[in-house]
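Chemist: Sequence:
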Amino acid sequence: MAGKYKVPRGTYDILPSESYKWQFVTNVFKEVAREFNYKEIVTPIFENNELFERSVGEDSDIVEKEMYKFEDKKGRIFALRPEGTAPVVRSFIENGLMLKPNSSKLYYFGPMFRYDRPQKGRYRQFYQYGIENIGSNDPYIDAEVISFAYMFLSKLGLKNFELQINSIGCKNCTQDYDNALKEYFTPYLNDLCSDCRKRLMKNPKRVLDCKVNTCKVNADNAPSMLDYLDENCKTHFNKVQEYLKQINIPFKVNPKIVRGLDYYSQTAFEFIDTNLGAQNTLIGGGRYDGLAEQLGGKNMPGIGFAGGFERLLLSMEEEKLSFGKQQTPKVYLITLGNEAGATGIKLIMELRMNGISTAFDPDKTSMNAQMKTANKTGAEFALILGEDELKKGKIILKNMANGEQKEINITDIINSLKDK
RNA sequence: GUGGGUGUAGUUCAACGGUAGAGCACCGGAUUGUGGUUCCGGGCGUUGUGGGUUCAAAUCCCAUCAUCCACCCCA
Numbered sequence: 009m010a011g012k013y014k015v016p017r018g019t020y021d022i023l024p025s026e027s028y029k030w031q032f033v034t035n036v037f038k039e040v041a042r043e044f045n046y047k048e049i050v051t052p053i054f055e056n057n058e059l060f061e062r063s064v065g066e067d068s069d070i071v072e073k074e075m076y077k078f079e080d081k082k083g084r085i086f087a088l089r090p091e092g093t094a095p096v097v098r099s100f101i102e103n104g105l106m107l108k109p110n111s112s113k114l115y116y117f118g119p120m121f122r123y124d125r126p127q128k129g130r131y132r133q134f135y136q137y138g139i140e141n142i143g144s145n146d147p148y149i150d151a152e153v154i155s156f157a158y159m160f161l162s163k164l165g166l167k168n169f170e171l172q173i174n175s176i177g178c179k180n181c182t183q184d185y186d187n188a189l190k191e192y193f194t195p196y197l198n199d200l201c202s203d204c205r206k207r208l209m210k211n212p213k214r215v216l217d218c219k220v221n222t223c224k225v226n227a228d229n230a231p232s233m234l235d236y237l238d239e240n241c242k243t244h245f246n247k248v249q250e251y252l253k254q255i256n257i258p259f260k261v262n263p264k265i266v267r268g269l270d271y272y273s274q275t276a277f278e279f280i281d282t283n284l285g286a287q288n289t290l291i292g293g294g295r296y297d298g299l300a301e302q303l304g305g306k307n308m309p310g311i312g313f314a315g316g317f318e319r320l321l322l323s324m325e326e327e328k329l330s331f332g333k334q335q336t337p338k339v340y341l342i343t344l345g346n347e348a349g350a351t352g353i354k355l356i357m358e359l360r361m362n363g364i365s366t367a368f369d370p371d372k373t374s375m376n377a378q379m380k381t382a383n384k385t386g387a388e389f390a391l392i393l394g395e396d397e398l399k400k401g402k403i404i405l406k407n408m409a410n411g412e413q414k415e416i417n418i419t420d421i422i423n424s425l426k427d428k
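Per this note's numbering, numbering through the first sequence is continuous, rising by one, with the last residue being 428.
Do not take every clue at face value.
Claimed, not checked - DSS-like, lysine-lysine: derived pairs with alpha carbons at most 30 Å apart:
(1) Lys179 <-> Lys247
(2) Lys128 <-> Lys14
(3) Lys328 <-> Lys372
(4) Lys38 <-> Lys12
(5) Lys372 <-> Lys406
(6) Lys73 <-> Lys108
(7) Lys384 <-> Lys414
(8) Lys328 <-> Lys29
Hints are computed from structural coordinates only; laboratory data are not their basis.
My request is simple: use the sequences and hints to build the entire structure.
Modeler: Below is the structure:
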């Protein structure tokens, strides 16, 4: 019975049969945030277009072709947020959070928007969770942020994932490295794909993770970023690895990890699902020490990560993990006859007022239909109120699991349900 | 933005040029006041949309939209 309208391309509805899963993972995420002492920050879904163009990078794919840009009635140019870090840093600067206590460890979640061709694990409106730790460049913080992600995935029960880390250096190392790459690849120019020939000029590091075979082969022997790190970046990266070892978080160094957003520096990491489809990055993150300054704030280091809920759910389903229980009512009320019905609806109010979740369906009248519905709602108890009971001032309390039932005084019902 | 696959009932699928069907789910009944099992009954759904070919189209062709998978990119 398709109606007139359909959801826009690349978007979807989270239906009741699915929403409890989202609630489950969100709650686990919030729980981990509490354990790490991170606090929630909520920023608008749209921001000044420039915020993203400046931070994410004008040459990045996100800005070049994936942003939902629009103009409002006064001609201001906004964009639906394609990612969460820039808005958080913007808010951090704008609200002077560096001067406020307990405000530098932040988490967020919500929808992000990218105009991209939908496929498995990729949507136009997708949901991210993420954290940002702003104000410290201590390598311990890098390890802590990584451990947050690791703990989150672990608490959900995920096993088929792998942590890969890299250091992409600071501006200084990057420049040397870029030059080295250009030098290295130039003799092989004809073997590279057309994209990579362009990349070599604009962003040579991208050639490294190209999937075209000839590019891959050539990239295998390319100079490694790690050899071009300056002393400072090198010791930083080494310390991050030491910390990770100390807290028993397994990782692989993958010098080919390149982040697509311009603001990253030094530590970059990804949690990869080892048996998902092509879109297998569960969580991606890294350090962005230059971002705050770039956005007009003080020079402040920061590091964070973001993950996609969709891929998380895919992985969890792949590994057949539990999403907790679906919400069920404690009580389903069955009434027979008009008088019982009238008393019943008053009783429902009382039950709910006392925190007892109660379901009732006025469209069902026969005992049979009401019992069936009670069963389907998964209610723990059925309360049966008919004319016989009404006369006696009683009500039947039936345990749906074992079928046992007893008559009790209507006036006692709240109390006897409360301690069950 | 590029390539390939797919669009039939709520859902999973069948029918592949000649009257649109099944499982599951859903609703009702058997049980006029007791569920989960069982049995019986209940489906006209613009065959995604718009064109075209044909005596005849879910079926062939074209377009379009959507979806899936991959490229690209990323979460």
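Chemist: Confirm or reject each hint.
Modeler: Tested hints:
no.	hint	in the structure
1	Lys179 <-> Lys247	holds (20 Å)
2	Lys128 <-> Lys14	holds (19 Å)
3	Lys328 <-> Lys372	violated (36 Å)
4	Lys38 <-> Lys12	violated (38 Å)
5	Lys372 <-> Lys406	holds (18 Å)
6	Lys73 <-> Lys108	violated (37 Å)
7	Lys384 <-> Lys414	holds (22 Å)
8	Lys328 <-> Lys29	holds (13 Å)
Checked against the numbered hints above, the structure breaks hints 3, 4, 6 and satisfies the rest.
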